[in-house]
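Asks: Residues per chain, in single letters:
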Amino acid sequence: MKSLALVLSSLLLITGCGEQTPARQSTPMDLTGLSGVAVTSQNTEQQIELDGTVEAVNRAVVSAQTSGRVTALPFDVGDQVNAGDVIAQITSEEQQAAVNSAMAQVNEARARFAEADAQLTRIADVFKKGVVSKAEFDQVKAAQQSAEARVTSAEAALSDAKQRLQYTQVIAPYSGILVRRLVDVGATVAPGTPLLEGVSLADVRIRVNVPQNSIQAVRKYRKAQIMLADGSMLESTDLRISPSADASSHSFLTLVEIPQNASNVSLLPGSLTKVAFVTGTEQQLVIPKNAVAQRGEVSAVYVINQQQLVFRYIRLGKTMGDKVVVQSGLAENDQIASDVIQAAAIYKQSSVAAQ
Amino acid sequence: MSVEKPLGISGRIAKTFLTTEITPLLALVGLLLGLFAIFVTPREEEPQINVTFANVFIAYPGATAQEVESLVTTPSEQIVSELVGVKHVYSITYPGLSVLTVRFKVGEARNDAIVRLYNAFYSNQDRLPYNLGVMQPLIKPKGIDDVPVVSATLWSENPGLTAADLLNVAHSVEAGLQRVAGTREIKSIGGLSSVVKVNFDPARLSSYQLSLDDVRHALASANASANAGELVKNNQSVQLQVGTFLTSVDDVSSLVIGVYQGAPVYLRDVAGVQLTTNTPAQYVAFGHADKGANPAQQYPAVTLTVAKKPGENAVDVAAGVIERIEQLKGVVIPDDINISITRNYGQTAEEKAQTLIKKLIFATLSVIVLVLFALGRREAFVVGLAVVVTLAITLFASWAWGFTLNRVSLFALIFSIGILVDDAIVVVENIHRHMTMGGRTLKQAIPLAVDEVGGPTILATFTVIAALLPMAFVSGLMGPYMRPIPINASTGMLISLAVAFIFTPWLFLRLFKNAKLHAEEHQAAESQAKGPRYQALFTKILSPFLNARAGRGKRVGLLLSILLLIGVSVALVVSKDVIMKMLPFDNKSEFELVVDMPEGTSLEQTYAAMQQLAADLSVLPELKNYQLYAGTAAPINFNGLVRQYYLRSGANMGEIQVNLVHKSERSRKSHDIALEARQLIAATAKKYHANVKVVEMPPGPPVMAPLVAEIYGLDYARQQAIAAKIKTVFAQTTDVVDVDDSVEAAQAKWTLVVDRAKAAKLGVDQASIVADVQAAIAGEDSSYLHSQTRKNPLPVRLTLPASSKSDLQALQNLKIRAASGELIALSEVTSLVKAEREQAIYHKDLLPVVYVTGDAAGEADSPLYGLFEIAAALDKAELEAGNNGIEQFYTAQPANPYQWSLKWDGEWQITYETFRDMGIAYSVGLIMIYLLVVAQFRSYSVPLIIMAPIPLTIIGILPGHALLGQQFTAPSMIGMIALAGIIVRNSILLVDFIQQQVAAGKDLQQATIEAAAVRSTPIALTAIAAMMGGFFILDDPIFGGLAVSLIFGLLVSTILTLVVIPVVYYAYNYQQQVNKPN
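In the order they appear, the protein sequences are chains A and H. So for the first sequence, this note's numbering puts the first residue at 1090; every next one is plus one. So for the second sequence, this note's numbering puts the first residue at 291; every next one is plus one.
Pulled out of the complex, with its shape left as it was, chain A reads as follows (with noise of 0.2 Å):
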């Protein structure tokens, strides 16, 4: 009796499952020695990247402030320069006469002044005394006054041309290198006439152009990735963006500013460099690029379930490193074979065997 309704039974289920298509088996696979891999959700962003200039923070062409002939030029191109080192002399001559004349300028009205105040202090005495009048006095009180101011005014004469003959030795404003020389020794300079051009590496930023359609976003996100030459990746949150676009390009002028610490970044002024402005962020479920089995124009990975494997249609996005992108077909969380070759000979195997 017992035998008879196993029989049954197991009829019954031949005739199951031979109305099932024959492509999904119910009976679970032999899954030994198969490892399996997560998918894992993964937060990225999604980026737009531009060109953009570098540019110096500091960058000035020094020029002559007096005039004179250039007579040393102590450093030439490419020369690094410090702070407060002369790059240029001009010649003094003239500047250091007008100083030794406003010296002397200075010492006459002095010695008046101190003949005034002498008349002063006498005249003084005698008025106490009621000898002089008071308009008397008030004279000689005015001529030391006036003595006094004219000392003060030499003084200031004498700054000044000590200020002009320190103008004939231009004095380097910050770091830098040199990087363009205007004049040459010898050469009559006046008073706004370039001689030199130095920039200062220290302090560069870059300067990009986006596009109206970015925007937007780049403003919310205030972030970019400043790609360097050797391929590595330099993030920077300061960004100073227009408020207008340029009418006639319909762009952006952008500054993105080279972060503090980074000092020892190697861009140089003038060239041209990849940024990546962040325009948002999502969520994305990435896998390792191994386990997809990638056959002609099908990409597929064989996902672990109950014990058996299905082999499963999936949409590829982009690729980062060793892992790739899924756009469909796979959910968070699902196990599946980490090594599609083997997976494919156990998916065959165990089908020939369910027929």
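You can take every hint at face value.
Label-pair distances were calculated between CB atoms; the ranges are:
1. H:Ala1038 with A:Ser1333: 43 to 49 Å
2. A:Ser1333 with H:Lys1124: 40 to 46 Å
3. A:Asn1379 with H:Glu520: 30 to 36 Å
4. A:Gly1281 with H:Gln526: 55 to 61 Å
5. A:Asn1379 with H:Ser1093: 41 to 47 Å
6. A:Gln1258 with H:Gln526: 56 to 62 Å
7. A:Asn1394 with H:Gln587: 24 to 30 Å
8. A:Leu1271 with H:Ala1068: 56 to 62 Å
9. H:Tyr412 with A:Ala1443: 54 to 60 Å
10. H:Gln526 with A:Ser1417: 44 to 50 Å
11. H:Tyr412 with A:Ser1417: 48 to 54 Å
Here are the simulated BS3-like pairs of lysine-lysine, each with C-alpha atoms no more than 30 Å apart in a straight line:
12. H:Lys1081 with A:Lys1378
13. A:Lys1437 with H:Lys1081
14. A:Lys1407 with H:Lys1081
15. A:Lys1437 with H:Lys477
16. H:Lys1081 with A:Lys1412
17. A:Lys1437 with H:Lys581
From chain H, some residues computed to sit far from chain A (all C-beta separations above 12 Å):
18. Gly843
19. Asp1005
20. Gly1175
21. Thr1181
No lab work stands behind these hints: they were computed from the structure. Using N, Cα and C, we set each Cβ at its ideal position, and we do this for glycine too.
Since chain A is already given, all that's left is putting chain H on it; use the hints.
Replies: This is chain H only, laid out in the frame that chain A set:
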């Protein structure tokens, strides 16, 4: 009897092989050859008809239909018409394109024909100047092997998988399938290919002072890469590659296409760049009724079709393909994609072959059983073995001849089984007779016995061959289709003759060596019992008609009543009790809906209509699945090949392939289901203004449509007007359905006319305007994205966004760079002219023609009746003001169509040709029979008597058709022709016997009655054997008519022959006998 005359050829053959050791080995070899043939012969459902034709496409962009017609089409038609072996040249001239269809005669060697065609076009290449704008002709030969044998449809219930994904899978499966031996073209139908769309914005382009040309240039030049040679460094050579390809959408969108005001302009600044699916040019969907699924539910699908190489066995290829698909599951085919086998000609062929081989075996067995009862156990064994050997060798001969195992070649064997067995029966019976006479050893008696019947047997065999063989020369598509019948049956007859003379005597000797006595007694007893019984019967029947002059009145009465019966039988045709038709419908498990929306309908509208049509069909209980192909052609079948359905691609066209459950699982025939389908879809078709044709697989050679009226004349526009009137006459005729014509619905056509003077002044050339507008509307593949895995290139397509394509304003904003570098708006140099699209012009054999087509449904179900009804109605119809009727032609194109003429074509033409050729074959057969009989009987008049019963077959055939409700078809005609041979054989035996008896000195009347009595047994035996073969074909939808002809024709004519031949012979001879003594 004791006079030893020299043995005839048959006797000598029998004597030679009676004792040699080689005889059984020959038979064994024959059997083995037969087995070999069964395994090796390719199987098909229908015989392959080697029909070669080619499509020639010649493009002449921009030209009007009339210009293309006169400059391209007509000269090309002339070139093609010069070729040997061309049967018809059809052409359709569209604006800007000429499509020629060159149809070669059936049986023309394919390669020769194609070489001739290429040669014709290449040697005339200098006819037109190269810079005229007429493109090179594109020649695409088509043949039977372009018909896919297997189609598999990929579909998924997972809504996340799109048609593009399905196409990816299909592409990846293709290579796997191609590895199956014997496969030919493998194609994917449907799905959406991927494309990188660069949807440019004309306004933005112009704001950056850029033209489309800049974009085009940037795209093309950015994708250049090459191997630049090798560098040598440190004693190593280093390969140098210059440039890299565009590999991602980001690469494309970040392309700098120009610099404006110092800022780079990226492609994404002026265009939307995205990887997307192509704008659908077709929709393919799948619906099924498996396991309670809702058949109205439709899934996006892609259909893979696999054709086979010529000469390969469809069964093996199909099985291999299906096995490979199973293997690819889980490796290439993901689990949530289903693959339904939607066509398997291998399986249908195998099934057909299996059933027919089974039928052949049963027919053989039944004949052996018949012999068993009629002659005896051992005789049955001898006859049975002889027939098996005959069939085996015939199957081998059929393979060697190049036939496949198909419905026709196997039917030829089944139907001839009755005749094949006959030689063996006659020989066995006569040896038997000689055995009972005694006096000789078996070894001595056999050659004599064989020799005695040898002459008449050879003659009888040759009369049957004479009747059948002329059919092998039937021309047209029907010739090769039917050819296995005359060839296989004739070969079988010859082989059966040889077997009867070589193997049968040997086997008889082996079996009866020790059973002589027993047989003698048995036979003697039998002949004792039999003789008088039939004698009395025939005396009673025949005597009234004999009796010299006294019986004359009765004889005349007999003649008259027979003539009356023939008249009544023929009247059955006139009264439509017997319907004449070329071939009846087969019971196939598929049919098609061919949908034509009015020209100018959008693809989406067509798809919507077709979805509704498919939903209408889903109520059919026999439905298995259907595939819907909007905008493209379904996988073609032989019918579609001849009707050129594969050229059907356009937004307003579509096909629905309907697959029914296997015929064992349904009670209705496919034709009845198709008739119901036509009712079901009528409302929807009307609602959407769709012309929907229900197309069944024709059983035999396909034609353009069952009813075709070709209208000729001197003015194409007025021909079209007349066609419209004729179309209404078609539609008004009862039982004429699926009416259509080749006149296109009016469609709008806009022409952007370039003001040449203005353009020249501004320095813009027309060519760049044409190129830019073409890129904007049609799209231009400026570059390709490179990928590691793709099978098909991924184009980067420059085009306007679909939403702004309808807006001409956006288009006219497009700027073109002038020679000066300035940008000129398109609107400045062009103006828009709105007009109607020109009609396509059809030609047939160089004459402009307009087609009106239709199909027949309803009671008559034969287009011939509809044709004559329409023809009568047309004579009365006013087709042009004040002008009734039209000149109608039935057999050939009008030689000089200076007035409106109509030529009937379609099934009529093929029916006419086939019946004409078969009629000729029949006549030739009769003449040959006459010659054979004259040679044998050495008389000019006796053969006429012998052939007298041929008309008697009609008395059986036509009422037989009426009785069973069968249509009188080409196979019926074949049966009738074969009958002539078989019936004549009976008369020969009768007349021969009478002559022998008279020569032996018997009274004529006595001899006549005796002849009927004695010969009735073998005659009846032959007739019953042949009828038994027929019974097994009776249920076949196509060859049922042949069976009806055979069974009823044989039944009636055999009975009548036994009466009429003796009577006629007597009537002819009694005078002479009476006169002689005087």
